[in-house]
Amino acid sequence: MEFGVIQSDTQGETPHVGTQDDDLIQLLTITGERVHQQTYSPLVEHLDRAALEGLYRDMVLVRRFDTEATALQRHGELGLWPQCLGQEAAQIGSGRALAAQDHVFPSYREHGVGWTRGLDLRKVLHQFRGEDHGGWDPADHNFSLYTLVIGSHALHATGYAMGVQRDGDVGTGNPERDRAVVAYFGDGATSQGDVSEAMVFAAVNDAPVVFFCQNNQWAISEPTERQSRVPLYRRGSGFGIPAVRVDGNDVLACYAVTREALERARSGGGPTFIEAVTYRMGAHTTSDDPTRYRSRAEEDYWRTRDPIDRLKLHLVAEGTAPEFFTALDEEAEAFGEQIRDYCRSIPKAAPSRIFEHVYAAEHSLVEAERAWFDEYEAGFATEGAQR
Amino acid sequence: MSDAGGIQRIPMAKAINLGLRRSMERDNKVLLMGEDIGKLGGVFRVTDGLQKDFGTTRVVDTPLAESGIIGTAIGLALAGYRPVCEIQFDGFIFPAYDQITTQLAKLHYRSRGALELPVVIRVPFGGGIGAVEHHSESPEALFAHTAGLRVVSPANPADAFTMIQQAIASPDPVLFLEPKARYWDKAEVDVTAGDQALDLGGVGGLHTARVVRPGTDVTIAAYGPTVATAMAAAGVAEQEGHSVEVLDLRSISPIDFDTIADSVRRTGRLVVAHEAPVFFGAGAEIAARISEQCFYSLEAPVLRVGGFHAPYPVANIEEDYLPNLDRVLHAVDAVLAH
Ligand SMILES: Cc1ncc(C[n+]2csc(CCOP(=O)(O)OP(=O)(O)O)c2C)c(N)n1
Chain A
219 MEFGVIQSDT
229 QGETPHVGTQ
239 DDDLIQLLTI
249 TGERVHQQTY
259 SPLVEHLDRA
269 ALEGLYRDMV
279 LVRRFDTEAT
289 ALQRHGELGL
299 WPQCLGQEAA
309 QIGSGRALAA
319 QDHVFPSYRE
329 HGVGWTRGLD
339 LRKVLHQFRG
349 EDHGGWDPAD
359 HNFSLYTLVI
369 GSHALHATGY
379 AMGVQRDGDV
389 GTGNPERDRA
399 VVAYFGDGAT
409 SQGDVSEAMV
419 FAAVNDAPVV
429 FFCQNNQWAI
439 SEPTERQSRV
449 PLYRRGSGFG
459 IPAVRVDGND
469 VLACYAVTRE
479 ALERARSGGG
489 PTFIEAVTYR
499 MGAHTTSDDP
509 TRYRSRAEED
519 YWRTRDPIDR
529 LKLHLVAEGT
539 APEFFTALDE
549 EAEAFGEQIR
559 DYCRSIPKAA
569 PSRIFEHVYA
579 AEHSLVEAER
589 AWFDEYEAGF
599 ATEGAQR
Chain B
1434 MSDAGGIQRI
1444 PMAKAINLGL
1454 RRSMERDNKV
1464 LLMGEDIGKL
1474 GGVFRVTDGL
1484 QKDFGTTRVV
1494 DTPLAESGII
1504 GTAIGLALAG
1514 YRPVCEIQFD
1524 GFIFPAYDQI
1534 TTQLAKLHYR
1544 SRGALELPVV
1554 IRVPFGGGIG
1564 AVEHHSESPE
1574 ALFAHTAGLR
1584 VVSPANPADA
1594 FTMIQQAIAS
1604 PDPVLFLEPK
1614 ARYWDKAEVD
1624 VTAGDQALDL
1634 GGVGGLHTAR
1644 VVRPGTDVTI
1654 AAYGPTVATA
1664 MAAAGVAEQE
1674 GHSVEVLDLR
1684 SISPIDFDTI
1694 ADSVRRTGRL
1704 VVAHEAPVFF
1714 GAGAEIAARI
1724 SEQCFYSLEA
1734 PVLRVGGFHA
1744 PYPVANIEED
1754 YLPNLDRVLH
1764 AVDAVLAH
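Quick note, the sequences are listed as chains A and B, same order.
Counting in the numbering used here, the first sequence runs from 219 upward without gaps.
Counting in the numbering used here, the second sequence runs from 1434 upward without gaps.
If a hint is listed, it holds; no wrong ones were tucked in.
Within a straight-line C-alpha distance of at most 20 angstroms, the following computed EDC-like cross-link-like pairs (lysine to aspartate or glutamate) qualify:
(1) Lys566/A with Glu1566/B
(2) Lys1485/B with Asp507/A
(3) Lys341/A with Glu1566/B
(4) Lys566/A with Asp592/A
(5) Lys530/A with Glu541/A
(6) Lys1485/B with Asp1460/B
(7) Lys341/A with Asp358/A
(8) Lys341/A with Glu295/A
(9) Lys566/A with Asp1753/B
(10) Lys1462/B with Glu1549/B
(11) Lys566/A with Glu1752/B
(12) Lys530/A with Glu263/A
(13) Lys566/A with Glu295/A
(14) Lys1539/B with Glu1549/B
(15) Lys341/A with Asp355/A
Derived by calculation from the structure, the hints in this document are not laboratory data.
It should be emphasised that the depicted structure is a prediction, and the values quoted were computed from it without experimental measurement.
Same shape as in the complex, but just chain A:
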């Protein structure tokens, strides 16, 4: 299997779970050739070259956004940045399979998924600039706020899907009405009780939810084999949930398996677990130092599997003109500049924000503390000079 993962010497005792499994769905090889796959190829047949160029553009712009945000953090404009570098195919492929009415519950590095939802990516910067705990209204794009507590949103997604079920928005056969819910999380998250509990609830309720696990090989410094002795997608069967393992750096395959899972969910067929085998090419966040726990050889190995390069090879072979790539480079450059300017223009939160929206209705304690604070601030402004 060409998708073997180079064994890092971390822990050193067990072979990486990625090595022996042959059940990986792939529709585009690392050199850009199409692979025929009985179940999934028909699901991407309608994607013509223009559509593939669209997916390519998505990935390039999201990578540009991610690189820009990383640079902004380095310049002190963001407190922290969780990169999605390397995971563009998993995010764009799955995200582009969604219908507008589907609802997404992301973790914290799903910038690519946000992009496919129509989210103005600049809004993602607010949280990491330390100016907001969110940054957007989930209702605007059916894209929930980022979740920093690992795995907890898998349950929210499942509950939301149970609501969709109760609303009668599954199995009507009306493509405008039937809805599904997707929870995105990492390989590490599969160890959390909440994720197991979510799968229990989803399975017994036939909830229209798709668990999309991006196995990017690392949970900060812990390799996937510290979380699981079996390929993660096999978790599904123990819960009675159909599961599939997909080449997460193959945008077409990610699109196809997600589309299939969404169709099952929307038609009343219940949940699916998807393991997208991919790689976090950057650090965990800008505070992390991956050289402490993984090898250059491993990173180099995965660089040859870059999801963007792979589609480019395919597009070039299919006859996409060089001008397309040049124009896209220019667009990406302008996009990067826009992001930079916007980031610096995010207004500073007022201290009174502390007391806003703690409760939906008035709360006397909060009001009292706010009044105290206002008075304290005012006094400080006038008396401060005396000190």
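Given the structure of chain A, go ahead and fit chain B with the ligand onto it with the hints provided.
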């Protein structure tokens, strides 16, 4: 290696690292467990180098599962081990809250003393480092409110070095709150201090408060990250002609009320400062007890300075939320004005 040099000037993170090392050398039943504590040495590098020296069975990189960490630590303790668990950040202790409060805290009581649970839970806590949400909380009151748990927090490297060893030696579960904003503050530590340090009682014991700056006009009681703020406030107040006594409580469960009461009987005024929300916080307990015990010595109501009844705010306004120098001084002025 840890015995090299007597007194070293080291940051708190390193002091805890050395304390862990000493405990592991002393007792081979001591083992560390947590997320990313092995090769990475923890996200704050507190366990740096320990896996290399003690191996993967004594420094265990766990799956990403806090309930799992504490739950299995309970089992290991029941099997005779002394697990020291790391919870990566304060805000991530809650998946383990059930195991800590319903199981860990209660098994000694339920077994009528037959079982001992010598489990230490290390938690980098508190704010002031510009982090994203769930990385700056001070959840100590929730745990202090749970009988069966001991809750402590060192404020300086020397205490951190000793207290972590005392916590590990404790037959009871200890929540060991590490003030993350002070991890990099350096001070002198006698890293060759002997085992007498492990005495849980007595002067300097794990639950003894300490006068870190004597004074006559006002007492400020603080712990963990706020002790340094209180010291700074005392310095400024001195320039204004006020003599402020600063207490480092060191322990939040139990609280050394005797030391606080002694001080208040001398100064007549008390300000309690902590980062956690004031409402139902440690300061509420202290104010109530001291009002009971020192009613006739008090010349002003006990004032509390701390967090507001709001979620920990976004990083760029956390300075307005935290009990900073100005807010502590404001309270000192207020009690002095009585
Ligand atoms: C409950 C909880 N525990 C610990 C953390 C600290 N933490 C943040 S990200 C992370 C690793 C997550 O790995 P994974 O689930 O594989 O997702 P990835 O970051 O690789 O996308 C950890 C341990 C957290 N955010 N929440």
